[in-house]
Amino acid sequence: MRVDLVLRNWPLFAEGVWITLQLTLIAVAVGFAIALPAGLARARRAPFWEPVLGAYVYLFRGTPLLAQTFLIYYGLAQFGWIRSSWAWTFLRDPWWCAAIAFSLNSGAYATEIVRGAVATTPKGELEAAAALGLSPRQSTWLVLVPSALRRALPQYGNEVIFMLHGSAVASVITLRDILGAGRTLNAKFYLAYEGFLTAALLYMAITFLLVWLFRRLENRYLRHLGAAR
Amino acid sequence: MEHLLTYLPLLARGWLVTVALAVVSLLLATLLGALGAAGRASRAPLARGAVLVYSTIIRGVPDLVLVLLIYFGGQRFLNTILGALGAPTVDLSPFVAGVIAIGFIYGAYLTETFRGAFLAVPRAQIEAASALGLRRWPLFRHVLLPQIIRAALPGYGNTWQVLVKSTAVVSVIGLRDLVGFASDAGKTTREPFIFFSAVLAGYLLITWGSTRILAILERRAERGYAHAR
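The listed protein sequences correspond, in order, to chains L and G.
Mapping of the first sequence onto this note's numbering: residues 1 to 229, in sequence order.
Mapping of the second sequence onto this note's numbering: residues 230 to 458, in sequence order.
Don't read these hints as lab results, they were simulated from the structure.
Note that the structure is predicted; figures quoted are calculated from it, not measured.
Reference listing, derived: stretches of chain G covered by chain L, where coverage requires no fewer than 3 residues with Cβ under 8 Å from a Cβ of chain L:
#1 280-291
#2 407-417
A few chain G residues facing chain L, derived, Cβ under 10 Å:
#3 V294
#4 L297
#5 F306
#6 V393
#7 T396
#8 F424
#9 F425
#10 L429
#11 Y432
#12 I435
Note that the Cβ used here is the ideal one computed from N, Cα and C, for glycine as well.
So that you can see chain G by itself, here it is in the shape it has in the complex (with noise of 0.2 Å):
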């Protein structure tokens, strides 16, 4: 037990990477969401069929393939072309890679939430709102906005959750997060079964936070809202 208190600041340093990678990834999630129902609400047909074909396709693969594909594939990818370009190559970081993988993923489930919250608010109110002369931005911003974020709050808390936990394949890759870190502190020490624990500690204590957090979140987008309860 004492070599846990010895690796403390270690497997601290090691959750605030995980956290990171996580809110990262859902910051490009959360774009790639938006874009992607802005794709299946949009009336041209190629629009359509290309968010079909990114959410069917990252729907079928788990997360560790892709982030392993996005790791070694997109790296040989990357440098064919900056190669052809004759520009010097790059070397992806596990970060870079996990962020990239992790944020296609969730886009893809975050562009469903989205589409099912812009298709909440009443067609009424978009009329009534073009009626009094709002124009595009206006009307998506007060009229729209305020309200798919309301409607989308419980999903985008799901997904969060589900994301996170997610965020440990990345390790895979060697990236030193809480899961990388208690490795190696399990192997040197010989106790990986306490280093494991402190590992499942961790997520909890995320999961439990934003649990939390969340329940303020949808409190607040509540406001203004008459409950029968």
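So that you can see chain L by itself, here it is in the shape it has in the complex (with noise of 0.2 Å):
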């Protein structure tokens, strides 16, 4: 076990958690973004949408991370038409392609998330909403969205943790996150294990820092159902 060589590369796991963290920030991010929308739509079964949402979600849901990845990175590049337009400045960067792979992802699950939050959002509250004179809108925004966000946040937990994980595949289109990072220093010194232990340590660390922070924004948001821990 060559730790040494480990402590004396620093950087560039410094650089590869940076990496790994912008990426699972993002894709968490703008896959948010659509989730909201997505999942109330779906939650209403609004007519136009349904179908599309639901293609979009079975297709994400149901292949691997690094199939989409591969498809969008190594995929779109098979046509001249992209190759030659606007898009091509983004979609050539592996930095691009993870992110917006990643995003899609992400929004697939997140729109199942925030769709069982909202379906099953008690009626009374919504009554109550009513009754209390809240416009449609308004009982919307005000009461069902914030109720079902905070009902969310568990399984949004798993999500982020899942999505951090899952951006290890960013390694594979030539990206230097974490994995990248272990790899790089393997390659560099003919090392068989001892970048990929160090990247397993630093995944296992930012894991366990996002479970205590989702269980802090648990008991702060859930108090009120009574499951604070």
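Hints in hand, dock the two standalone chains.
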């Protein structure tokens, strides 16, 4: 075990942690921006959107993130008209391809989380809102959404951790995220496992940090449900 | 498109490798999950502690990292031990490394599924069975197991669906599965988009087929129970 090599190359891993965090946060943020309207629409079975959103969710939840990332990074380059369009500036860049693939993936999983939370909102909450004279729009944004998002918190925490772990796929399309740093270290010094082991420990540390963070958020926002731990 | 037809037999072979990897990994995961659940239920603090460490570590590390760690690090580790014993060295194949990694990961998840299912059986039934003179094995086989299967099936099905998608990362260590063959074919024909689309279709086929089979199994496990709906 060459701990000295790992320690001497710490900037490599620091940069890796930064890239992993970037990709995870962007995926979760864009995913949420997709999931909030999409989840609401699915919960209400919006006539036109239902088949479109249903297909989106089924496709992205039913296939591996690795294959989705490959389709966007390697697949889109097949078409000349994409390569000659303005979008090529982004689509030739592995960072953007990873960000797009991860965002769409996280959006699909999060849509189902939001849909579930909205669908299980107690009817009484909306009846109370109507009785207080809130318009449908007001009762959606002031009552339904805040209530549903709070209850979605535990599952959302799992989704963030799932995305953190999924983001390791970025290293396969040449990005130097945490796992990419580990692979670089191994290749540079002909090591078998030191880089991977360091990567594993870093992912574990971030996972525990996220678990702790979400537990605090749950304690704060789910206290009224008596679920505080 | 005609390229796709030419390569279809190759893709079908890759698809079968993917299915085989998933099924063998599931068998290992089921075994580990059963052992883990038995460990959690045991009165020995050492067994409980070992299972807790196992599932905590596994849940903190991405599947891709574990696959690489086992393939490269495991090989070194194994051969160091074999070398010290004077035995000849062995090569870990990507398939075997994949089965070990995926099996270990989902064994940790199944531990929780099986534990929950075991706890769902009313304790009084165990007391009643032993009062009737059933020994340990008949009690497990005829009283506990049928009810554990019924309670565990939905969670087991979910784990399987996630496991199938997880197998895609084994292509990174060179396994010629669906993703591996499609990557090669996409490079050779310069039509990566078509071939990665075929990969997504191949996984959707597994997901869709599993949903159908699981529905049948769940109906079977539910027979003999009255339903409100």
